[in-house]
Amino acid sequence: MASSSTLLAHSCIHHVFPSFHGEDVRKNFLSHIVKEFKSKGIDLFIDNNIERSKSIGPELIEAIRGSRIAIVFLSKNYASSTWCLNELVEIIKWREEFGQIVISLFYEVDPTHVKKQIGDFGKVFEKTCKGKTEDEMRRWKHALTEVAQVAGFHSSNWKTEAKMIEYIATDVSNKLNLSAPCSDFESLVGMESQMSEMEPLLQLYSDEVRKIGILGPPGIGKTTIARSLFNRHSQDFQLSVSIDNIKRNYATPVCSDDYSVKLYLQKQFMAQLTNEKDIRIPHLGVSKEKT
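Numbered continuously in the numbering used here, the sequence shown closes out at residue 403.
Source of the hints: derived by calculation from the structure; they are not laboratory data. Keep in mind that the hints are not guaranteed to be accurate.
Claimed, not checked - Subject to a maximum C-alpha distance of 20 Å in a straight line, what follows is the list of computed DMTMM-like cross-link-like pairs (lysine to aspartate or glutamate): (1) K389 <-> E278; (2) K271 <-> D283; (3) K389 <-> E220; (4) K139 <-> E309; (5) K379 <-> E273; (6) K188 <-> E208; (7) K139 <-> E246; (8) K271 <-> E258.
Hey, can you work out the whole structure from these sequences and the hints?
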């Protein structure tokens, strides 16, 4: 996937572009989403004044390409709309070419049904496909399969919609903060030469786990280099955490043994990663399983 830093080079006119089937979510779920997003200063594109047809026009394409994040509300009748399906094709295309952040939200629908176009969702999709060209159906199937594999939210996993909406808004706000261009290190002399030496070692094109050690005496800029790398590349990943100054910022309980210290630090790590302040970490295998 292309780096999302490439997307920042394009003019972003909205924070979030939502793709949804109006009859399923507009009057209830989406209205609460809009309210919560506004309370957090998140600009959500809403197409109330755009006349819908079978194909999306330049104004919608511009809105998709001009948004930092796209949220796809996959509901039971989403695939009944060629408009929604064509929106989704454009969203997935923009994600693949320019690394746009995409969040999937399965609203009262099974992710597997979306991915494989089966069940009630599949029946709706099959009806929409009648009379359509092979190329159209291929593009729609690819987009549905891709979006179903994107890390997202499932309404059945939450006790209340209010809690889910609050969490989604916080998650989107954090993603926007991470994807915002960083200028903190522009004035530091010699930082670009350091970045040019470090970046090839990261091998960001690889799926393998990389551990990079920066060694040297105190005060020479090791932490600054690490922070600059994190700020430059964290937006290229769905989730990212920066933990520094562990002794000062994450003071462990007195008289802790080695295992307790590792468990405590893992809890701090997972709390930042998942935005769950009261997360429970019963053993050291949790972060490996979740990440």
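Hints versus structure:
1. K389 <-> E278: holds, 14 Å
2. K271 <-> D283: holds, 18 Å
3. K389 <-> E220: violated, 27 Å
4. K139 <-> E309: violated, 53 Å
5. K379 <-> E273: Between K379 and E273 the Cα gap is close to 26 Å, so the pair fails against 20 Å, i.e. violated.
6. K188 <-> E208: Outside the cut-off at roughly 25 Å; violated.
7. K139 <-> E246: violated, 34 Å
8. K271 <-> E258: Not OK: K271 and E258 at ~27 Å, beyond 20 Å, violated.
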